[in-house]
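Participant: Protein chains in written order, with our numbering: chain U, 1 to 190; chain V, 1 to 190; chain F, 1 to 190; chain X, 1 to 190.
Treat the hints as calculated values from the structure; they're not laboratory data.
Nothing here was measured: the structure is a model prediction, and the numbers come from that model.
Some hints could be false.
The list treats identical chains as interchangeable, and a pair is accepted whether it falls inside one copy or across any two copies.
[Said to hold, decoys possible] With a cut-off of at most 30 Å between alpha-carbon atoms, the simulated DSBU-like pairs for lysine-lysine come out as follows:
#	residue 1	residue 2
1	K97	K141
2	K144	K26
3	K26	K120
4	K26	K2
5	K26	K128
6	K141	K120
4 protein chains.
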Amino acid sequence: MKTGRTEAFSDGVLAIIITIMVLEMKAPDGASFNNLKPSLPVFLTYVLSFVYVGIYWNNHHHLFQAISNVNGKVLWANLNLLFWLSLFPFTTSWMGKNHFESTPTALYGCILFLAALAFKILVYCVIKIEGANSKIGIIYKSDKRVNISIALYLAGIGISYIYTLLAVFIYLIVAILWIIPDKRIEKSIH
Amino acid sequence: MKTGRTEAFSDGVLAIIITIMVLEMKAPDGASFNNLKPSLPVFLTYVLSFVYVGIYWNNHHHLFQAISNVNGKVLWANLNLLFWLSLFPFTTSWMGKNHFESTPTALYGCILFLAALAFKILVYCVIKIEGANSKIGIIYKSDKRVNISIALYLAGIGISYIYTLLAVFIYLIVAILWIIPDKRIEKSIH
Amino acid sequence: MKTGRTEAFSDGVLAIIITIMVLEMKAPDGASFNNLKPSLPVFLTYVLSFVYVGIYWNNHHHLFQAISNVNGKVLWANLNLLFWLSLFPFTTSWMGKNHFESTPTALYGCILFLAALAFKILVYCVIKIEGANSKIGIIYKSDKRVNISIALYLAGIGISYIYTLLAVFIYLIVAILWIIPDKRIEKSIH
Amino acid sequence: MKTGRTEAFSDGVLAIIITIMVLEMKAPDGASFNNLKPSLPVFLTYVLSFVYVGIYWNNHHHLFQAISNVNGKVLWANLNLLFWLSLFPFTTSWMGKNHFESTPTALYGCILFLAALAFKILVYCVIKIEGANSKIGIIYKSDKRVNISIALYLAGIGISYIYTLLAVFIYLIVAILWIIPDKRIEKSIH
């Protein structure tokens with residue numbers, strides 16, 4: 001099977017996930033800047049989650065760029081990734097509503113962790129088709145960035161119960177880590 | 001007519017159906033794990049319905065993979081399928097809200113049944129174009145999995161009024177039946 | 001400019017329009033069939049509007065099938081059509097909520113009328129590029145079905161204030177008129 | 001990297017943004033034209049924002065039409081543009097709900113300004129790949145329309161606090177400026 005429809009379906013789902021989160025930001029009834037204040041934490045979590053979905057879309061794009069065929073396992077591994085990403089609006093909304101309290105912040109980290117794990121599984125299924133010596137196999141062999149992210153998410157979940165804002169800061173650091181372009185990947189793909 | 005736009009439109013509709021169901025999971029106001037409890041049945045029905053939409057997307061993908069042209073009848077048979085699938089969020093939400101009571105569980109099965117029937121009709125319309133001896137005609141001639149699913153859905157609808165959780169369990173079994181890869185189909189398509 | 005992105009964008013917008021209408025059908029709190037009763041008119045309007053959006057998607061598909069280039073005017077004529085179609089969920093919801101009262105039913109007809117007019121404008125812009133003797137110019141020269149529909153919508157708007165259900169019936173007749181395949185178009189396109 | 005998926009993802013996000021704004025127009029409970037009156041300002045802001053998203057989609061279409069490759073920087077500049085556009089429904093809703101009061105109108109202008117700036121950044125990133133002497137480099141060298149728009153948005157933000165409806169009128173003027181086809185661009189692209 002060609003990758004076309006898997007990419008199109010994933011694009012659709014990611015486009016919706018990234019956009020419906022903004023629906024959580026209800027326009028306040030009053031018309032002054034003060035009325036916007038309660039929306040601020042919701043806005044900040046929206047920014048963080050927008051960046052995360054953007055990162056996943058970028059990674060998904062890079063991954064499927066390098067392959068040309070999928071099988072049933074890849075389709076389900078991809079749906080598994082989309083499932084965890086589809087929970088972002090819920091955890092984003094819960095964390096934003098409760099102004100970064102411990103449990104919502106920990107759950108936010110759990111879903112980030114499970115999405116990262118799902119991405120690793122997807123990469124694994126893709127490499128099984130393409131072979132370990134394929135372009136994609138070589139790029140993802142020493143998958144440092146994903147592993148560091150997973151470790152930091154786990155740290156963030158624990159730290160949520162000690163010093164919550166530090167956990168949010170860690171999630172932010174991981175996001176920044178991914179925005180910085182990985183010269184190595186860009187070079188080997190182009 | 002080429003299949004491109006029918007696939008793109010279906011991908012869009014399925015991407016929205018699979019994603020808006022998560023909107024039913026409203027973030028609770030409190031910030032403890034206990035506040036999440038009432039969302040649990042909604043979450044479980046979400047998982048079940050996500051898997052079902054995923055299955056339909058997979059099957060749709062496989063079906064259109066094997067054909068290259070559509071006519072007016074296929075377009076309407078496809079819209080008919082999308083219509084029944086578009087009712088999933090409603091029945092999912094009703095079943096989840098009412099913690100798996102009899103009537104919502106039966107209605108959930110009815111919509112599953114009607115969607116499966118719509119898929120059979122779509123396959124029938126496709127085979128009318130491609131011919132009974134085409135690749136797709138041979139694969140779907142002995143359409144055992146669809147027929148077993150339809151029988152199990154009908155059983156589930158009845159059982160909803162006797163022992164509701166068993167009906168939910170039957171719907172789950174059908175889903176698992178479809179996730180297990182059908183070697184026969186994968187072989188003949190590739 | 002190629003038609004690819006205009007089709008993709010239109011598919012996206014139509015997929016969302018057709019799907020968000022189902023969001024108006026809120027799952028009732030009770031779990032018996034009686035609790036579903038108030039949703040019935042909303043469901044019936046949903047079916048009617050789903051069919052209408054399906055018809056527009058089909059017509060849009062047929063129209064763009066026959067052309068290969070678009071210009072700025074076509075892009076805006078297309079956005080104009082999408083604008084009126086985007087009001088379907090609003091008028092559908094208003095008519096459904098008020099159980100087919102006069103004014104909502106008339107407004108529903110107005111939007112149907114304006115969408116049909118927008119489609120005529122889009123066809124006109126397309127023919128200006130392709131020429132009156134092109135395939136698409138010949139098909140749409142004697143544009144009987146669109147003209148009859150427009151006349152019936154206008155009739156329906158007036159009749160809404162005399163005998164409302166007859167107006168709904170007229171809208172239904174127009175829809176059926178479009179589902180019946182137009183052999184002439186199918187032949188000349190294939 | 002090819003531009004295909006960036007276009008598809010952007011189409012998806014823009015299709016959702018343009019459509020979810022209509023969800024703010026809740027169908028009123030009563031069935032007379034008077035019941036529609038409170039929805040009028042919401043409707044008017046919807047029209048304005050629909051036109052704006054339409055303009056951005058058109059410009060995005062023209063821009064990507066002229067290029068064939070993207071890099072990591074373009075992907076993020078594109079996501080940045082989509083982020084600001086994704087805030088349109090929020091500011092549209094806030095302005096519509098409050099019947100064009102000063103602060104919501106100023107914020108509406110701010111987001112228009114930031115989206116225009118994001119578009120300039122995207123063009124800049126694209127030209128860095130294509131080169132200043134490329135087709136796209138020459139078209140956007142003397143980027144008068146974008147610069148005038150940005151100046152008018154800034155004026156509109158200030159005027160919101162003096163005479164609010166004039167600010168709304170300025171936003172309208174900028175929109176009309178963009179709908180008028182730019183013969184120069186159309187010629188050089190085709």
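Participant: So which of those numbered hints doesn't the model satisfy?
Facilitator: As far as the earlier hints go, 1, 2, 4, 5 are violated by this structure, in ascending order.
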